[in-house]
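Undergrad: Take a look at the letters that make up each chain.
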Amino acid sequence: MRRVAVVAVAQTKFQRRRPDLMPAQMVYGVCKEVVAKAGIDRSEIDFTAAGSADYLEGRPFSFGQALRYEGAWPPINETHLEMDGGWAAYYAWIRLVTGKYDTALVTSWNKSSEASIHHVMNIALDPFYESAIGAGPIPLAALQARAYMNRTGVTSEHLAKVAVKNRRNALKNPYAQVKKDSTVQEALSSPMLSDPLHVADCPPISDGAVAIILAAEGKAERLCSRPAWVTGVHHASDSGIIGFRDLAEVPAVRAAAQGAYKMAGISDPLRDLDVAEVCETFSHQELMLYEGLGFCGPGEGGKLLDSGMTEAGGELAVNPSGGCLAADPIMCRSLVRLGEAALQVMGQAEERQVPGAKRALAHGTYGECLQGNIVWILEAD
Amino acid sequence: MRNAAVVGIGQTHHVSKRLDLNMAGMVREAAQRALADAQLTFNDIDAVVIGSAPDLFEGVALPEQWLAGALGAYGKPILRIHTMGSVGGCTAISAFYHVASGVFDKVLTVAFEKQSEAQTTWVFSAGSGGRSFSSGAGGAFAPVARFYIDRWKVPLEMGPRVAVKDRGNAMRNPYAHWKKGAVTLEDVMNSPMLWDPFRYLESCPTSDGAAAMVFAAEDIAPKIHRKPVWVKSAVAMTESLTMSMGMKALPPAAVACAKRAYADAGITNPRKELQMAEIYTPFSWIEFILYEGLGFCDEGQGWRLLEEGVTEFGGSFPVDPSGGVISTNPIGASGMLRMLEAALQVRGDAEGGHQVPDVRQALGHAYGGTINYHAVMIFSDTKP
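Listed in order, the protein sequences are those of chains A and B. Numbering follows our numbering, with no gaps: position 206 of the first sequence is 202. Numbering follows our numbering, with no gaps: position 174 of the second sequence is 166.
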């Protein structure tokens, strides 16, 4: 299979509100910056993929407004996905693997400050049984957290520890939104939003945009001194009907990880990987991801966290950027993880750099309770 | 890049309201028909690509999440495309590249719209450009048609004649939404004016329907279907919404898209080397602009192709023998229906009498937005 790499990454500083820009306008800065970082002219981009959601922007066809900022003149080879930008990157990867193109721009943006996330995500649920009961991301995540805690014995302290770790990591990430050095006790005393999830266990609401450049072998080496090669990638969906699922388990995370590991030849991820950026949209999900991604055995997520191995200085640093608990631009979250993992492999993660990182994992998600999952393995030569 | 072929084709019977099925049931019906055509089951499929136009059409946000189960995608990749009206075309193109890349061997793709769930013109008016004057889709395209008429001094009955052609063609397509029989030029001219110059009978309906295709890799395609339909070109081009066309009634993205598609297929004279085309004409006059944009004739000559009968069902280069978008418009699916119909023509399987004789190569086209999104696929009975 043809080798493809991430060669440049640009992101905005994520913040609670961007009142100065319309949703689609947020991509202008990152598109311009990422093209400059790759040192190319936009005419050299063979394919563009974008990801966003109309409903979060409160109007249909909203993404059409972004075309001018993506540089769609004269006409470009472009496709928009009504999905998280992480899947736009996947489609761009597919296009480059064909050998027909060499360079792709991938971008996504999110301005959920203008939406009611609960109400938008509520109407993404099964409309007959689950939307009708008023379910949404936080209460559903709470059900999942409780089911997982019951299965494994993971405690509220474990959840709080994830939140404290990631937001402490975020202190070193200039793009993160919520960053603080706090204690488990402080996290546990934050208000209970939906039992067992405290405010500290939940993501912030974030506005922002991200863009990356993917390039195929032959071109990638010319655009980047240390490209982050995609050596494995796969994605998989679970049921969107929450009632059909055992919420204490994450089979679609396992399916995505197994596909990516097989492609990359990884058998012992905890040892083979140097760093992982995962979409823990709620704190308990990071522990579920440890299991689903094979960093530990069944029921051992809490134990792995307690061992300190996933701390910034640990054997496998997880979310040195701060993850989704530090900034959660919904339609960008998976593309940001891919970008952060790439920056680690490229050695460009500045203060949050994991020293000597050669092989990284990026995990993305969409839907509720880790329904859809994508796993990327990135490696330096 | 390896070759890929269409090995399964299915669609629902398109109607105003599918009260017997919800969205999940409707997409599954089309998927099952495509799988039955390929003699495959959901278990044989490696990945699913779906497409639909704005989620506001049904009021279900990010529907791929809910529909994953209906499409047999548990534990598998599912991808959702949305490029406005061209989405059905771009979705089929995406499924093709999933196979051509070598990453997957068998990919199911489904595009749909269940427009009875919401009010289409309201949704269009809530989008860019028309929010304040409730223009709807027709309102967005009417100025382009008006400009075309003025620029080339076209006789005013030519637009209505597109409706006569397409609604007549629909009578031979058992899946078409339009069932009220062939219409005369007089019928069209006497129908109410909606968005000058588009009258009621010159405008597309709102439909409930879904389309599905299965693409397979070149080594397995001939084992799956007795007559695999090979993809020679799969190109989508986009330009900025607001810059579309400038002061010309010729969409630059259509021109660029067709140029690349013909280059990939090695076609220099489309009207000779293709035997028919299914193009995206939701409103009558747009047909001529597309003939020109897709290089079927020179600029300003599009209307003459119909006047001379070239693009009629019995003509030398039939366009939209299925009845086209004017006769059937489940928006998200409409683009894929063009691709699917072109593939059926190559296979010789167009039902109900709308098969064009001896089709060896055919073109499918879809557009979206302000005629700024374009998708073209070229199908052939011969492996490239």
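Keep in mind that the hints were calculated from the coordinates and are not lab data. No residue lacks a Cβ here, since even glycine has one placed at the ideal position from N, Cα and C. Incorrect hints may appear among the rest.
Among the chain A residues that face chain B by a calculated CB cut under 7 Å, a handful are [as the list claims (entries may be wrong)]:
(1) ARG64
(2) HIS76
(3) THR94
(4) GLY130
Calculated cross-link-like contacts (lysine-lysine; reagent style DSS-like; alpha-carbon spacing at most 30 Å) [stated by the list, open to error]:
(5) B:LYS224 - A:LYS96
(6) B:LYS251 - A:LYS96
(7) B:LYS219 - A:LYS96
(8) A:LYS96 - B:LYS375
(9) A:LYS9 - A:LYS354
(10) A:LYS96 - A:LYS9
(11) A:LYS96 - A:LYS176
Residues of chain B clear of chain A, computed beta-carbon distances all greater than 10 Å [to be verified]:
(12) ARG25
(13) TYR89
(14) LEU177
(15) GLU178
(16) GLU231
(17) ASP373
Undergrad: Take the hints in turn and mark each one as holding or not.
TA: Hint check:
no. : hint               : verdict
1   : ARG64              : holds, 4 Å
2   : HIS76              : holds, 5 Å
3   : THR94              : holds, 4 Å
4   : GLY130             : violated, 15 Å
5   : B:LYS224 - A:LYS96 : holds, 13 Å
6   : B:LYS251 - A:LYS96 : holds, 16 Å
7   : B:LYS219 - A:LYS96 : holds, 26 Å
8   : A:LYS96 - B:LYS375 : holds, 18 Å
9   : A:LYS9 - A:LYS354  : holds, 26 Å
10  : A:LYS96 - A:LYS9   : violated, 34 Å
11  : A:LYS96 - A:LYS176 : violated, 46 Å
12  : ARG25              : holds, 22 Å
13  : TYR89              : violated, 5 Å
14  : LEU177             : holds, 34 Å
15  : GLU178             : holds, 36 Å
16  : GLU231             : violated, 4 Å
17  : ASP373             : holds, 23 Å
Consistency note: the structure conflicts with the earlier hints numbered 4, 10, 11, 13 and 16.
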